[in-house]
Amino acid sequence: MLEQQKQASQVSASTEKHTELEGIRQKVFMDRYSLKDPSGQPLEFYPEQLWARVARGIAAVETTEEKQAYWEKRFNEALADFQFVPGGRILAGAGSGHQVTFYNCMPPEQEVLTADGYRPISEIKIGDLMVTHRNRLRPVLHKFERETEETLYIIRPQKVSYDDLRVTGDHKVHIIRSEWVNKHRFRDGLHLQHEPDSVSYTHLTLPTIYSV
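Okay, so the sequence shown: first residue is 1 according to the working numbering, each after it adds one.
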């Protein structure tokens, strides 16, 4: 962990370009995403340092150094200049040396819409059909479970037919203007996209092989 932190602190030390953040952008970057040492002091001061760390951390799963170098470069290019912005957990955790999850979660009793109606997410299994934000049925390919201690946020929709939604802080929710919005950008009067009670279809072809 300390080695990765040391590497992250040295990244971009001689990089030609630094993106200077100001105001609230700088505060959010330093408070939430900049890598810190054990005493809480920042090791990253520019987005370029964060992008390099995240790219290296994600590419580390490759089995050879050649593949790691190849994908690190590709990921870094994708992240550069905010062309692609992963979720907050990925930005804060990837390449940090800490064993953290990159997934946003719901508590086990939270109900989600499936081909058989609403069911607690804890009962969902790989292969079950879920209704997506475009009202399509899609099979569950992976399921992740973890224990955590963090704040759960309650979204209480009005004039729709389902109960409160409980999610972790960085979980995205589809709203009526048809885009993904982080929980902390919610405000009073913002409407959730309503999911129907049933989905009509004439034919459904299911995949027989899932790629990871």
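No wet-lab data here; the hints were simulated from the structure. Check each hint, because a few of them may be wrong.
With a straight-line cut-off of 25 Å between C-alpha atoms, the simulated DSS-like cross-links for lysine-lysine are [said to hold, decoys possible]:
1) LYS143 - LYS125
2) LYS17 - LYS36
3) LYS17 - LYS73
4) LYS36 - LYS73
5) LYS27 - LYS17
Ranges between beta-carbon positions, derived for each pair [stated by the list, open to error]:
6) ARG138 - VAL61: 21 to 31 Å
7) THR64 - ASP164: 46 to 56 Å
8) ALA60 - THR19: 35 to 45 Å
9) GLU22 - LEU137: 44 to 54 Å
Just so you know, even glycine gets a beta-carbon here, dropped at the ideal spot from N, CA and C.
Status of the hints after comparison with the structure:
1. LYS143 - LYS125: Holds - the C-alpha atoms of LYS125 and LYS143 are around 7 Å apart, at most 25 Å.
2. LYS17 - LYS36: 22 Å, holds
3. LYS17 - LYS73: 16 Å, holds
4. LYS36 - LYS73: Holds - the C-alpha atoms of LYS73 and LYS36 are around 24 Å apart, at most 25 Å.
5. LYS27 - LYS17: 20 Å, holds
6. ARG138 - VAL61: 21 to 31 Å: 25 Å, holds
7. THR64 - ASP164: 46 to 56 Å: 47 Å, holds
8. ALA60 - THR19: 35 to 45 Å: For ALA60 and THR19 the Cβ distance comes to about 24 Å; the hint is violated.
9. GLU22 - LEU137: 44 to 54 Å: Roughly 46 Å apart at Cβ, these two residues keep to the hinted range, so it holds.
In terms of the numbered hints stated before, the structure departs from hint 8 and from no other.
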